[in-house]
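Asks: Each chain is listed here by its residues.
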Amino acid sequence: MHLLPQRLHTRMLMAITLAMVIGTLGLSFWTAVSQSNQLLAARLQQATLLSENLAEGSAHSLALDDYASLDQYLRHATGLPGLRQVIATDARGAVLASLYRTTDTAAAELVDGPDIVQIPTNPTQSTRLDGTTLLVWQPVKAGGLLGWLQLTYSLEEITQLQNQIWRHGIILSCIETLIGISLVVLLLRRPLRSIRNLSRFARELPHQKGVTLPVERVVTEVQDLGESLNYASTELYRIEQELLELNRSLESRVEEEVAKSREKDALLLQQARYQTLGELLVNIAHHWRQPLNNIGARVQENAWMLANGELPPEKALDAADVVMQELKQLSRSISGFQLLCRPAVADESVLVSDAVNRSIVMVRDSYQQLGIRFEVNLLSEQAIQGSLQDLVQCLLNLFSNARDAITERQVAAGCITVTIAPYQPDSLRISVSDTGGGIPQQLMNSLFDPYVTSKFRTQGVGLGLFVVRQIIEQRFQGTVTARNHEHGAEVTVILPLKRGDV
Amino acid sequence: MELTDNLKQVTLLYVEDEDIARLSIGGFLRRYMGELLLASNGNEGLQLYQEKRPAVVITDLEMPVMNGMEMIRRIRALDHEIPIIITTAYNDDAHYCPEADLTILKPISFMELLQAVKDCLAAREKG
Numbered sequence: 190m191h192l193l194p195q196r197l198h199t200r201m202l203m204a205i206t207l208a209m210v211i212g213t214l215g216l217s218f219w220t221a222v223s224q225s226n227q228l229l230a231a232r233l234q235q236a237t238l239l240s241e242n243l244a245e246g247s248a249h250s251l252a253l254d255d256y257a258s259l260d261q262y263l264r265h266a267t268g269l270p271g272l273r274q275v276i277a278t279d280a281r282g283a284v285l286a287s288l289y290r291t292t293d294t295a296a297a298e299l300v301d302g303p304d305i306v307q308i309p310t311n312p313t314q315s316t317r318l319d320g321t322t323l324l325v326w327q328p329v330k331a332g333g334l335l336g337w338l339q340l341t342y343s344l345e346e347i348t349q350l351q352n353q354i355w356r357h358g359i360i361l362s363c364i365e366t367l368i369g370i371s372l373v374v375l376l377l378r379r380p381l382r383s384i385r386n387l388s389r390f391a392r393e394l395p396h397q398k399g400v401t402l403p404v405e406r407v408v409t410e411v412q413d414l415g416e417s418l419n420y421a422s423t424e425l426y427r428i429e430q431e432l433l434e435l436n437r438s439l440e441s442r443v444e445e446e447v448a449k450s451r452e453k454d455a456l457l458l459q460q461a462r463y464q465t466l467g468e469l470l471v472n473i474a475h476h477w478r479q480p481l482n483n484i485g486a487r488v489q490e491n492a493w494m495l496a497n498g499e500l501p502p503e504k505a506l507d508a509a510d511v512v513m514q515e516l517k518q519l520s521r522s523i524s525g526f527q528l529l530c531r532p533a534v535a536d537e538s539v540l541v542s543d544a545v546n547r548s549i550v551m552v553r554d555s556y557q558q559l560g561i562r563f564e565v566n567l568l569s570e571q572a573i574q575g576s577l578q579d580l581v582q583c584l585l586n587l588f589s590n591a592r593d594a595i596t597e598r599q600v601a602a603g604c605i606t607v608t609i610a611p612y613q614p615d616s617l618r619i620s621v622s623d624t625g626g627g628i629p630q631q632l633m634n635s636l637f638d639p640y641v642t643s644k645f646r647t648q649g650v651g652l653g654l655f656v657v658r659q660i661i662e663q664r665f666q667g668t669v670t671a672r673n674h675e676h677g678a679e680v681t682v683i684l685p686l687k688r689g690d691v
Numbered sequence: 085m086e087l088t089d090n091l092k093q094v095t096l097l098y099v100e101d102e103d104i105a106r107l108s109i110g111g112f113l114r115r116y117m118g119e120l121l122l123a124s125n126g127n128e129g130l131q132l133y134q135e136k137r138p139a140v141v142i143t144d145l146e147m148p149v150m151n152g153m154e155m156i157r158r159i160r161a162l163d164h165e166i167p168i169i170i171t172t173a174y175n176d177d178a179h180y181c182p183e184a185d186l187t188i189l190k191p192i193s194f195m196e197l198l199q200a201v202k203d204c205l206a207a208r209e210k211g
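Residue numbers (my numbering), protein chains in the order written: chain R, 190 to 691; chain X, 85 to 211.
Only chain R is shown next, with the shape it has when bound in the complex (with noise of 0.2 angstroms):
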C-alpha cells in the first residue's frame, strides 16, 4: 500500500489512466484477433475455392499433358489476391510447373525448384497453416489423379491488419488516458482545491471559532463537507460562549450558593445563639428572681420591723449591706449573661480556664439545683485566639448536652468533668465529660450534623453539636470529636494556641 501515491487525486488519475489503457489495449486485442480469425477464416474458405476452381481449370491440360497451356493458364491465376506461389505437379510429385511472386501487384515468374516434391499420400484437399502463410494442396482430378496443384497463399495482411489494429489502439488509449487525465484534473481541480482549503480550515478551527468559509456548489460531497465544517466551527463558537457564560455564572452561582451557605451558617448559628439565649434565661430567672426574692424578702422585712419600731438604727446598716450584696451578685451575673449578647470580637487572646469558669458560672447555681456538680482539671493555664462568648457558647452547649443526658438518666449525683489540658506544642485539649450514660450508638456517626438529636422533641432542635462544630471548626481552626466512656459521653476539642503562646 505504500507504493501507491498518497494524494487523493493523484490515485484517482492513475487508476483512470489504468483502468483507460487497459480498457483500450483489451479492446485492441480483442478486435485484432476478431478480426484476425474471421479474415483467416474468408480467407480459408476463399483459398479452398480458388484451389478447386485452378483444378478444375488446369485439369484439361495436365490431361493432354499440355504443359506450355498449363504455364500459360497458371501465371493467369497467380494474379489472384493473396496468392503468391503455385506449383503443379503430376499424380507422382514431379515439379511441372513452378511459379511465384513477391506482392499482389508484382507479376508472376517461373522459378527453379526441386524436381519432385512431397505429395499427399491422400488425394483430398488439404490446408496448412504455415506462420503467415497458408499453404494448400489440391488433387487435380479428371476420372482419376491427374497431378497436384501445391498453392501458397500469403496472410501477410492479416498481420498487417492486426498490427495496424494494435497500433491504432495504442494511440487511442494514449490520447483516451490523456484526455481523461485532462478532464480529471479539469474535473477535479476545483474540488480538490476546497478540500485542500477546507483541510486547512479544519485544522485552524480550534483558532478560528465560529469563522465560516465561502462553500463551493460544484460537488455534492464538498458542498457538505463544507457545510459541515461551517456547522462544526459555528457550533464549537456558540459552546464555547455558552460554556465562558456558564463558567462567568458559574462562578456568581458558586459565589451566590456560598453566600447562601454562609448566611444560613449563620442564621444557624445566630439559631443557636438564641437557643442557648433561651436555655440561659431559664437560669437568668433563678439566677435573678431568687436574689431578688430574697432582697425584696429584707427590703419588706426591714420596712416591716421598722415601721414596728423593730428595726435598732444600727441593724439598717447591716440590712442595707445585705441587700448590696445581694446587687452586686445580680450585677455580676448580669455581666456574665451580656458576654453572649455582645457582637463576638473574632482575634482576641482567649485564656480557656477564663472561659470555662465563666461558663460554669453561669449554670452552676441551676445545675446545682439538678444534682450536677462540676469538675475542672485545670492541666494548662494557656491562651488561644479567638472570641469568647464563642467559646463560652460551645462550653454552655457541651454542658447543656450533659446536663440533659444526666437528668434524663435520673442519675443521683451527676457530674460534669471539664479536663484543660496540653495536646501538642501548638495546641491544647478541652474535654468536657459527663456521667450521662453515653450518645446513643446510631447517633454516632451523624452527632455533629444539623437537626440531629437524641432528646424528646420538646428538649431540643439538635443544633448544639452542629454549632460546636462550626465555631470550633471555622472561627477556631481546631476540631472536635466525641466518644462514650464507662459512664457517659466525653465531647473534646482540640484548639490551636495562640502564636504567640506556641
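Don't read these hints as lab results, they were simulated from the structure. In this text, a Cβ means the ideal position worked out from N, Cα and C, and glycines have one as well. Warning: the hint list may mix true and false statements.
Said to hold, decoys possible - Computed Cβ-Cβ distance ranges for the label pairs, DEER-style:
no., chain 1, residue 1, chain 2, residue 2, range
1, R, Arg672, X, Asp203, 53 to 63 angstroms
2, R, Met633, X, Gln199, 53 to 63 angstroms
3, X, Asp185, R, Arg672, 40 to 50 angstroms
Claimed, not checked - Listing some non-contacts, in silico: residues in chain X with all C-beta distances to chain R over 10 angstroms:
no., residue
4, Glu102
5, Ile104
6, Gly118
7, Leu121
8, Glu128
9, Glu135
10, Glu146
11, Asn151
12, Arg160
13, His164
14, Ile169
15, Thr171
16, Lys190
17, Ser193
18, Ala206
19, Lys210
Use these hints to put chain X onto chain R, whose structure you have.
Replies: Showing chain X alone in chain R's frame:
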C-alpha cells in the same frame, strides 16, 4: 379581720432552701399564723407535714434532696384538700405544677403571699 384572726388557728408549712428568704418570709408569716413550720427541702417538708398535718403548705420547687414537685405529689397522695402554694423563680413549662392551688413568682410580696394564703383558705371553707 376575722380571717386574720382565724389565721392564728392555722398551722402553715413553708419549705424554702434559700436561707434568707426562708427566714425573712418565715419571720413575716409567723406574725400572722398560729404555727409556722419551716423546712429547707422537700424531704424535711414532707416529714413535717406527716408529723404536724399543717392546714396550708407554701413551697419552693427547685430544692436539693427532694424537690417541691415530688413533695407536692406525695402530700397530694395523702391529702387532696390541703391548699398548696408554690413560690418559684422559674416561669417555664418544665416547672408547671397542676397539683398546686396557686403559683407565685419570685420575688414575693409579703402581702401578696399572705393574701394568697387567705384566699386559699377561704376557697376551702366555701368548698
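Asks: Hint by hint, which ones does the structure fall short of?
Replies: Violated: hints 4, 5, 10, 11, 15, 16, 17.
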